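A.B. asks: Here's the letter readout for the chains.
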Amino acid sequence: MIWMHVSELAIDRMLAGEVAAADAAAMRDHAASCSRCSALLDDALEVQRMFAAHPPALPIVMPRRRAHVIATVTALAAVLALVVAWPRHAAAPAVRTKGTAIVGFFVAHDGAVRRGALREQVMPGDRIELVTTTHEPTWFAAIGDDAAGRRSVYVEPQRIEAGNERVVPLSIELDNTLGDEVITAIFCAERFDVRAPPAADCTIDRFTLAKVRR
Amino acid sequence: MTSRALAELYRDHGHAVLRRARRLLKNDDDARDVLQDVFLELFRNPQRFEARSSIATYLFAATTHACLNRIRDAKNRTRLVAIEHAGRSQLAPARGETRALATEIIAGLSEDDAALAVYLYCDELTHDEIAELFGWSRRHVGDVAKRLRLRIMERVA
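These protein sequence lines map, in sequence, to chains A and B.
Count along the first sequence from 1, add 1105, and you get the number used in the numbering used here.
Count along the second sequence from 1, add 381, and you get the number used in the numbering used here.
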């Protein structure tokens, strides 16, 4: 499909996971070379991110979310650090490994928010917000391996809906451990144990944060 | 619809409603009111969505209608819809169109016609997209759009 301009409705449908992967890719390709559509898409992603972080209250009794999902994870390594059974990668790749599910992230640093890149330089106290892109509903978890050899479960396995750059409703506040921290996202069709080695048909995606002194 | 189901819809799609309402109303407080109105309406009358296949399409249409209803409120008439877009559209007379005129045009149309005008001239949606929003055939959209254009031109004249 050839996209002329991308409408606001088309963006809504893409973010809702209602657009075929090929069409979504075509829309993004078009937006990459069109300032009008790029601005619309960036705005949509920014509002989505802000909404996930600070949703306006809805005057209906809402079910409580599980604490680990909604918590802003201050000093997360201390609170949630869990040693898991499956081995670390000796040299974690800084590129995507396989599969159709990917994880991305934004960095909040001193009040400014930027999109994270591979091997993004970050500082203690920065907050990381994850976004996932999947073509179908799946189970998702995220763990971090820091330079001191500690492994933290940042996102316990949870079912996520299909969609492009869906914001994971939690933020990770980085602790004072300097050096590289590898964030690993695990996507599996079925519920899984994040403390066990992932099944062969799960999709793994990683990125590295290079944490430097403030 | 259970409150849990509504909560999930709100979490996953509320951002789209809020963004569209902000764009149409140019006012954050009003946009938040519309956000609540749209989801409360969905909670009270879930069958309105359940008959449709796309939640994004339903919410886009519901938000548009909610915003237009708000605009029709006399207090809010001056806050209208991204009229700067209409200024670039076929509706604009050669000497330029004022925001007030566009507001009056929108306010003078039926609910569906006003929504159609926004989709055509502000959002610049395709007839296929509009057909899905209304649940009409593409051909019907074309026919209604022609009539709408004539109606608007009569009002401009």
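In short, the hints are calculated from the structure, not lab data.
Hints may contain errors.
Stated by the list, open to error - Covered stretches of chain B (chain A as the covering partner; in silico rule of three or more C-beta atoms under 8 Å from a C-beta of chain A): (1) 413-426; (2) 488-496; (3) 502-510; (4) 515-529.
Stated by the list, open to error - Some chain A residues well away from chain B (every beta-carbon gap over 10 Å; in silico): (5) S1112; (6) R1118; (7) L1120; (8) V1152; (9) P1161; (10) G1254; (11) R1255; (12) G1268; (13) R1271; (14) E1295.
Values in this document were obtained by computation on a predicted structure and should not be read as measured data.
Cβ atoms here follow ideal geometry from the backbone N, Cα and C, with glycine treated the same way.
A.B. asks: None of the hints should be skipped; say for each whether it holds.
C.D. replies: Hints and how they fare:
1. 413-426: holds (count 6)
2. 488-496: Violated, because only 0 residues of the region 488-496 of chain B bring their Cβ atoms closer than 8 Å to Cβ atoms of chain A.
3. 502-510: Answer holds; 5 residues pass the 8 Å Cβ test.
4. 515-529: violated (count 0)
5. S1112: violated (5 Å)
6. R1118: R1118/A is in fact no farther than 10 Å from some Cβ atom of chain B, at 4 Å.
7. L1120: For L1120/A, whose nearest Cβ neighbour in chain B is about 7 Å away, the distance does not exceed 10 Å, so it is violated.
8. V1152: At roughly 4 Å from the nearest Cβ of chain B, V1152/A sits no farther out than 10 Å, so the non-interface label is violated.
9. P1161: With a cut-off of 10 Å, P1161/A comes too close to chain B, as the shortest Cβ separation is near 5 Å.
10. G1254: Given a closest Cβ separation of 35 Å, the condition holds.
11. R1255: holds (31 Å)
12. G1268: violated (8 Å)
13. R1271: About 8 Å separates R1271/A from the closest Cβ of chain B, which leaves it inside 10 Å; violated.
14. E1295: Holds, since 20 Å exceeds 10 Å.
When the structure is compared with the earlier hints, violations turn up for hints 2, 4, 5, 6, 7, 8, 9, 12 and 13 and for no others.
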